[in-house]
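Colleague: Chain by chain, the residues run as shown.
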Amino acid sequence: MGISHSRTLRCEKLNKCFDGVTALQAFTLALPRCGIVAIIGPNGAGKTTLLNVVTGFLRPDSGLCLLDDRDITRAPPHRIVRMGLARTFQDLRLIRLISVLENVMLARPNQRGDKLWAALTRTGVRNEERRNQQNAMRLLDFVGLAGKAEEPAGELSYGEQKLLTLACCLATEARILLLDEPIAGVHPELARQILGLLENLRDSGKLIVFIEHDLAAVREIADRVIVMDEGRIIADGSPSDVLNRPEIMEAYVA
Amino acid sequence: MEYVGHVLVFVAIYVILAVSLDLLAGHTGMLSVAPAAFYGLGAYTSALLTVEAGASFLVALLAGMIVAGVLSLAVSLPSLRLVDEYFVIATFALQIVLFSLFNNWVSLTGGPMGIPGIPPPAIFGIRVTSRAGFLVMASLCAGLAYTVVWRLSTGPFGRALHAIREDEVFAKAAGKDTVRLKITAFAISVALAAMAGSLYAHYISYIDPSSFTVMESILIISMVILGGAGSLWGPLIGAIALVTLPEALRFLGLPSSVAANLRQVVYGALLLLVMLLRPRGLVGKYAFGQ
Numbered sequence: 001m002g003i004s005h006s007r008t009l010r011c012e013k014l015n016k017c018f019d020g021v022t023a024l025q026a027f028t029l030a031l032p033r034c035g036i037v038a039i040i041g042p043n044g045a046g047k048t049t050l051l052n053v054v055t056g057f058l059r060p061d062s063g064l065c066l067l068d069d070r071d072i073t074r075a076p077p078h079r080i081v082r083m084g085l086a087r088t089f090q091d092l093r094l095i096r097l098i099s100v101l102e103n104v105m106l107a108r109p110n111q112r113g114d115k116l117w118a119a120l121t122r123t124g125v126r127n128e129e130r131r132n133q134q135n136a137m138r139l140l141d142f143v144g145l146a147g148k149a150e151e152p153a154g155e156l157s158y159g160e161q162k163l164l165t166l167a168c169c170l171a172t173e174a175r176i177l178l179l180d181e182p183i184a185g186v187h188p189e190l191a192r193q194i195l196g197l198l199e200n201l202r203d204s205g206k207l208i209v210f211i212e213h214d215l216a217a218v219r220e221i222a223d224r225v226i227v228m229d230e231g232r233i234i235a236d237g238s239p240s241d242v243l244n245r246p247e248i249m250e251a252y253v254a
Numbered sequence: 255m256e257y258v259g260h261v262l263v264f265v266a267i268y269v270i271l272a273v274s275l276d277l278l279a280g281h282t283g284m285l286s287v288a289p290a291a292f293y294g295l296g297a298y299t300s301a302l303l304t305v306e307a308g309a310s311f312l313v314a315l316l317a318g319m320i321v322a323g324v325l326s327l328a329v330s331l332p333s334l335r336l337v338d339e340y341f342v343i344a345t346f347a348l349q350i351v352l353f354s355l356f357n358n359w360v361s362l363t364g365g366p367m368g369i370p371g372i373p374p375p376a377i378f379g380i381r382v383t384s385r386a387g388f389l390v391m392a393s394l395c396a397g398l399a400y401t402v403v404w405r406l407s408t409g410p411f412g413r414a415l416h417a418i419r420e421d422e423v424f425a426k427a428a429g430k431d432t433v434r435l436k437i438t439a440f441a442i443s444v445a446l447a448a449m450a451g452s453l454y455a456h457y458i459s460y461i462d463p464s465s466f467t468v469m470e471s472i473l474i475i476s477m478v479i480l481g482g483a484g485s486l487w488g489p490l491i492g493a494i495a496l497v498t499l500p501e502a503l504r505f506l507g508l509p510s511s512v513a514a515n516l517r518q519v520v521y522g523a524l525l526l527l528v529m530l531l532r533p534r535g536l537v538g539k540y541a542f543g544q
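Residue numbers (the numbering used here), protein chains in the order written: chain A, 1 to 254; chain B, 255 to 544.
In case anyone wonders, no lab produced these hints; they're calculated from the structure.
What you were told as hints is all true, and nothing was included just to trick you.
Derived lysine to any residue pairs resembling SDA-like cross-links, with alpha carbons at most 25 Å apart:
| # | chain 1 | residue 1 | chain 2 | residue 2 |
| --- | --- | --- | --- | --- |
| 1 | A | 115 | B | 328 |
| 2 | A | 115 | B | 434 |
| 3 | A | 115 | B | 437 |
| 4 | A | 148 | B | 409 |
| 5 | A | 115 | B | 398 |
| 6 | A | 115 | B | 327 |
| 7 | A | 206 | A | 138 |
| 8 | A | 115 | B | 420 |
| 9 | A | 206 | A | 31 |
| 10 | A | 148 | A | 133 |
| 11 | A | 115 | B | 395 |
Sequences are here, hints too, so could you generate the full structure?
Modeller: Spelled out as structure tokens, the structure:
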């Protein structure tokens, strides 16, 4: 198993069933502190269920999720985000009516203005808003959306909305980002840009876990590939190792 | 002038009810169908404390607000983890239960006979008996309610509430404790409605259950929808319109039997027109169910 404190996120024997259909089966995994980990597998392999369970949106039937050796299995989603584990969704989730900038500001952690008394008296809220705005602008600059900060989020193109969800995820200051198909359905040029951003983030010390169907992208940026099928890991290793095994590729394609 | 002052007091009371409901229904996206129940709860708590226990007006007013806020937890704690539809049903049940209590707990509330002889407000020894004095007080309370709702619906707190309304899952993923925010919005909303109830009781000096029916809740909801849910001015405009409109109809010189029915017809037609022509209300940005 290695030394436990060198691990950030661990799953131990997670089980999850939906009406008799098994989504996770004694799923056990330990992730490193940083790097890029790709999760691949056929539809229905349990990839998104894993993400939902780890981030607190679904309760497993049994098993444990540990973040830095702290049990997060039953923690609500917002607490898990604050502990440093943020996520994006496969179906884009954003607040479409408010501006791009405000979407990012929403995700800033520990906002004093979220508290009733501070919101009523407005003490310190204006300064905090200015700081959050500057921080959000830096993140929009990083993902290349600074020019569209004032536009309603709903007016962005599909690919730009994917970038925005990434910026929101970063705004939480989480160390671990779980991304559900970050480049699916995106124009190839933009997809390249997103992959570049993920490499940047890895180099700054974050752990990126992403679900992806595009094996070329996985081969290009992942340090480690986990192949899931029927709620279990059927292969786990470096891209060159895993993606060249014929029996794995057969299971994946089938 | 007396008459205009009287109408304006009611405008102030209904502005409180409409903006407080808008915090919940318009900004947070939680449709409560029980605003009149909390309005009544404030009125009864305040009336009973002053008439039966001899409490001062301010104490009674605050007690009404606290009782309403605490009772809101009885609905919000079990129902907020569930989907929105359950919240509507839970508040509807509460509306029915509270009205039944007002109407049937005769030994406490006087039942259909109501509570007479509620003293006029006295603040630090100054009794507010004139209509002008009461209008000033009601306006200050309306201003306070408006400021509270404005501060909670703008800035980071408002952004979080709007996120819950638009996509609660995203709000959670963005790190918002959505359950706490919803409980807070509900408690503040009903405490403000209770404040309106207390003002009403001490202004009219007599309350009975007929002022706190489901129809009354629907009137308050209509004000929010007509004016525009989730906007700064919408509920204000809705409250002014629906309080003054029936009064204006009085001056058409119709027989009272016709006038009363005509009022209902005009309400219905107005709501229908707004729904058809401006589903977001007169000045609103947000339409229900979209």
